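Based on these hints, arrange chain C on the given structure of chain B.
There are 2 protein chains.
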Amino acid sequence: MMIAEILSTGDEICQGSVIDSNSAHIAVLLNEIGAHVTRHSCVGDNMDELASMLSEIAVRADIAVITGGLGPTIDDLSAEAAAKAFGVDLQLDPDAAKSIKTYFAKFSRKMSRSDIKQAMLPAGASPIVNAYGTAPGFIFNIGRCRCYFLPGVPKEMERMVSEAVVPDILAFFGEQQDTVTLRKQLSLFGLPEALVNEKLNRFESLFPNVKLGMLARFPVITVKMTAVGTDRASLVDEIEKAGKWSAEQLGDKVFSLEGRSMEAEIASLLIKSRVTIGVAESCTGGLIAHLLTNIAGSSDYFLFSGVTYSNEAKVSILGVSEKTLKTYGAVSEETVREMADGARRISGATCGLATSGIAGPTGGTDEKPVGTVCVGISMKDKTLGYRFHSPFKERLSNKQIFAICALDLLRKQILMAS
Amino acid sequence: MMIAEILSTGDEICQGSVIDSNSAHIAVLLNEIGAHVTRHSCVGDNMDELASMLSEIAVRADIAVITGGLGPTIDDLSAEAAAKAFGVDLQLDPDAAKSIKTYFAKFSRKMSRSDIKQAMLPAGASPIVNAYGTAPGFIFNIGRCRCYFLPGVPKEMERMVSEAVVPDILAFFGEQQDTVTLRKQLSLFGLPEALVNEKLNRFESLFPNVKLGMLARFPVITVKMTAVGTDRASLVDEIEKAGKWSAEQLGDKVFSLEGRSMEAEIASLLIKSRVTIGVAESCTGGLIAHLLTNIAGSSDYFLFSGVTYSNEAKVSILGVSEKTLKTYGAVSEETVREMADGARRISGATCGLATSGIAGPTGGTDEKPVGTVCVGISMKDKTLGYRFHSPFKERLSNKQIFAICALDLLRKQILMAS
Numbered sequence: 084m085m086i087a088e089i090l091s092t093g094d095e096i097c098q099g100s101v102i103d104s105n106s107a108h109i110a111v112l113l114n115e116i117g118a119h120v121t122r123h124s125c126v127g128d129n130m131d132e133l134a135s136m137l138s139e140i141a142v143r144a145d146i147a148v149i150t151g152g153l154g155p156t157i158d159d160l161s162a163e164a165a166a167k168a169f170g171v172d173l174q175l176d177p178d179a180a181k182s183i184k185t186y187f188a189k190f191s192r193k194m195s196r197s198d199i200k201q202a203m204l205p206a207g208a209s210p211i212v213n214a215y216g217t218a219p220g221f222i223f224n225i226g227r228c229r230c231y232f233l234p235g236v237p238k239e240m241e242r243m244v245s246e247a248v249v250p251d252i253l254a255f256f257g258e259q260q261d262t263v264t265l266r267k268q269l270s271l272f273g274l275p276e277a278l279v280n281e282k283l284n285r286f287e288s289l290f291p292n293v294k295l296g297m298l299a300r301f302p303v304i305t306v307k308m309t310a311v312g313t314d315r316a317s318l319v320d321e322i323e324k325a326g327k328w329s330a331e332q333l334g335d336k337v338f339s340l341e342g343r344s345m346e347a348e349i350a351s352l353l354i355k356s357r358v359t360i361g362v363a364e365s366c367t368g369g370l371i372a373h374l375l376t377n378i379a380g381s382s383d384y385f386l387f388s389g390v391t392y393s394n395e396a397k398v399s400i401l402g403v404s405e406k407t408l409k410t411y412g413a414v415s416e417e418t419v420r421e422m423a424d425g426a427r428r429i430s431g432a433t434c435g436l437a438t439s440g441i442a443g444p445t446g447g448t449d450e451k452p453v454g455t456v457c458v459g460i461s462m463k464d465k466t467l468g469y470r471f472h473s474p475f476k477e478r479l480s481n482k483q484i485f486a487i488c489a490l491d492l493l494r495k496q497i498l499m500a501s
Numbered sequence: 084m085m086i087a088e089i090l091s092t093g094d095e096i097c098q099g100s101v102i103d104s105n106s107a108h109i110a111v112l113l114n115e116i117g118a119h120v121t122r123h124s125c126v127g128d129n130m131d132e133l134a135s136m137l138s139e140i141a142v143r144a145d146i147a148v149i150t151g152g153l154g155p156t157i158d159d160l161s162a163e164a165a166a167k168a169f170g171v172d173l174q175l176d177p178d179a180a181k182s183i184k185t186y187f188a189k190f191s192r193k194m195s196r197s198d199i200k201q202a203m204l205p206a207g208a209s210p211i212v213n214a215y216g217t218a219p220g221f222i223f224n225i226g227r228c229r230c231y232f233l234p235g236v237p238k239e240m241e242r243m244v245s246e247a248v249v250p251d252i253l254a255f256f257g258e259q260q261d262t263v264t265l266r267k268q269l270s271l272f273g274l275p276e277a278l279v280n281e282k283l284n285r286f287e288s289l290f291p292n293v294k295l296g297m298l299a300r301f302p303v304i305t306v307k308m309t310a311v312g313t314d315r316a317s318l319v320d321e322i323e324k325a326g327k328w329s330a331e332q333l334g335d336k337v338f339s340l341e342g343r344s345m346e347a348e349i350a351s352l353l354i355k356s357r358v359t360i361g362v363a364e365s366c367t368g369g370l371i372a373h374l375l376t377n378i379a380g381s382s383d384y385f386l387f388s389g390v391t392y393s394n395e396a397k398v399s400i401l402g403v404s405e406k407t408l409k410t411y412g413a414v415s416e417e418t419v420r421e422m423a424d425g426a427r428r429i430s431g432a433t434c435g436l437a438t439s440g441i442a443g444p445t446g447g448t449d450e451k452p453v454g455t456v457c458v459g460i461s462m463k464d465k466t467l468g469y470r471f472h473s474p475f476k477e478r479l480s481n482k483q484i485f486a487i488c489a490l491d492l493l494r495k496q497i498l499m500a501s
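Chains B and C, in that order, give the protein sequences. Whatever position you read off the first sequence (first residue = 1), add 83 for my numbering. Whatever position you read off the second sequence (first residue = 1), add 83 for my numbering.
By construction, these hints were calculated from the structure, which means they are not laboratory data. Computed from a predicted model, the values in this text were never measured in an experiment. There's no promise every hint is true.
Claimed, not checked - Straight-line Cα separation of at most 27 Å, BS3-like style, residue types lysine-lysine; simulated pairs:
1) B:Lys282 with C:Lys184
2) C:Lys463 with B:Lys184
3) B:Lys181 with C:Lys282
4) B:Lys336 with B:Lys282
5) B:Lys336 with B:Lys409
6) B:Lys189 with C:Lys451
7) B:Lys167 with C:Lys184
8) C:Lys189 with C:Lys238
This is chain B alone, in the form it adopts within the complex (with noise of 0.2 Å):
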């Protein structure tokens, strides 16, 4: 078995400003091609810290993937630390520097002179081209371990062990032939972790080829399923089998039997059953036309959103009558109907979408919580007016569960109609 570490470098990381999503990615793909992930580490801009941990990794693993501190400032140390831990000079590698010099000339951008010390490699490793940033990467063995190092740029970082440092071990440390891995992945909302834990309790037990994960992308939940051996027509029988029993245990929380996030399915689905939808967005402020605007050719079906805070907008843009503010409050069934219904006649869309609440941290009531949100959705035969509570106090977390709360509802109700 191949045993394998991965390393993230920067002060940024080892001080908390930003978490390290680079690990979890890296460790997923190398567990796909058998490799044992052992331990993951992270050391900041310190020459004798990266150092030392990289000797240390050196002993103990056959593969190691290090992130981060190849770009051209002066905290950027890991080569200059790869070439000082195994005694070995940097030097100018002249396929790296053509790398660079062909990402500029793309852009059209003017390479500047602190461009060029990310070409310096530790004498005898080999380049890694990477052709969505500036900073090259390199494969350097370090005894019986080989050592790829990898931009922190996730974007950049994710293509090129996709593209270079997976195919790089499989060619190097011969594929595992006869070994076959299958994937499945629901994605869920609106139960806790524990809960999906609990109500999947007898998976291991039903499934024993098939391995459960869960991964938490707040506030979805993506359950994924792998299957790794030998037998390919077991294997399929038996994850098929698996994913067909989780979707039933977590019923009609699950929104997607591909593991897709809320804005691909929704946009599929809405091209599907041809429906147009224009949204109203008070309390998301414009999240909802920002996650569905993220699918390209959105265009197709996302015709508008007024992302309408105050109550003047309200009554002038969506024509929400000043009588229903006033009798039940801009958080209410009766003014996110009437808030559905503005934005799907001023949009000329076939459904409206709308949202009123209140994210937070401050503006709740007794009657009225943080936390609490309307959703109204209007159809070309009905008006429907929803509210739910979210325990969450925080602004941000807020805003995101009500706007996939509030484009579940949507996908429920376009199924329902089709």
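Just chain C now, kept in the frame of chain B:
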């Protein structure tokens, strides 16, 4: 100086199913009380790895904070590993048992037999009450290293760090009376990292006692300065000069002298200058509204955003003329000026801001390639139109650049007007 290390445990983190956000949270709090965090590590639910990691940390650090592995299940190994690593037995701690019983009584839940396992602590450990979950934490001194074991559930861990760990560290190690840590941050937009670095390349020689760091939170870069030492007066003087010098080098790209986000900076500027704002978003798809409304109290200055994706919505809702759209196209200075005027008019705000562009990945032409954005600003006495190009082809990156670019133009106009 107190050296601190952080260890997170659990297969779900080590295998990448869950991103470790606990370590960043703990690092920030340890930093604040003057501890120097040198390493984070993570190991899976494996007795040998865990025990060996604990032994390594205990010889390097004065303080260790360990999360995870304290629950009732068989893969919760932290207490046993601590006992094993330091050659003591596990024993039932009456205070820990009481804390578990109190928690269950509070929620009228029945205790299961496996729950009492959580009260088995290494001999000599003192329990830390967990009022927010079932697993108590504990403090265990290993040689010179004081180890704090906490549950991995973020909400439980966070409260226990603030309410028990931080006070204990301060009491045990005494306030670090003679060391001062000073920090200064600048936020900027519109320069690549390499160029920022080049502009600041004399920093180290000019300010030898201030450490320079950089944090890229796309598309914003934060320049971080830290001065640690014993002579407060001279450090204050040096870091103030360093901040001033850096701001001069970076010129009008700097938008916050306090390292704030663009939306926080705009918020305080709008409040100070009593400007209210109405927005019309095409290519940014709600992101500007989302950013502005992430700030609590934004209803004081943010009145409305119309996310008008379609030309029809631009005409019917914002009052853009069909002739302008036909003559110049949706992505043009002329159209965004009319959009900005429309947003200002219908929202009743003192200022209107509008975006229209091509976020990609498709939809570009030779004349208006992917990455083109037009920004309109409407004020009482003038309406302005701008055009920019981003070098990126990726949709979400472009939405982010476009939104920050528009807010930065607005910021400059408001500063000029006031």
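Hints versus structure:
For the proposed pair Lys282 of chain B and Lys184 of chain C, the alpha carbon gap of about 25 Å is at most 27 Å, so the pair holds. For the hint pairing Lys463 of chain C with Lys184 of chain B, the CA-to-CA distance comes to about 47 Å; that exceeds 27 Å, so the pair is violated. Only pairs whose Cα atoms come within 27 Å are accepted, and Lys181 of chain B paired with Lys282 of chain C is accepted, the gap being roughly 24 Å. For the suggested pair Lys336 of chain B and Lys282 of chain B, the alpha carbons sit about 12 Å apart, so the restraint of at most 27 Å is met.
Proximity of Lys336 of chain B to Lys409 of chain B is assessed by CA-CA distance (about 35 Å); at most 27 Å being required, the pair is judged violated. Restraint check for Lys189 of chain B and Lys451 of chain C: satisfied, since their Cα atoms lie roughly 17 Å apart, inside the 27 Å limit. For a cut-off of 27 Å, the pair hint linking Lys167 of chain B to Lys184 of chain C is broken: about 54 Å separates their Cα positions. At most 27 Å may separate the alpha-carbon atoms for a hinted pair to count; Lys189 of chain C and Lys238 of chain C meet this at roughly 18 Å.
When the structure is compared with the earlier hints, violations turn up for hints 2, 5, 7 and for no others.
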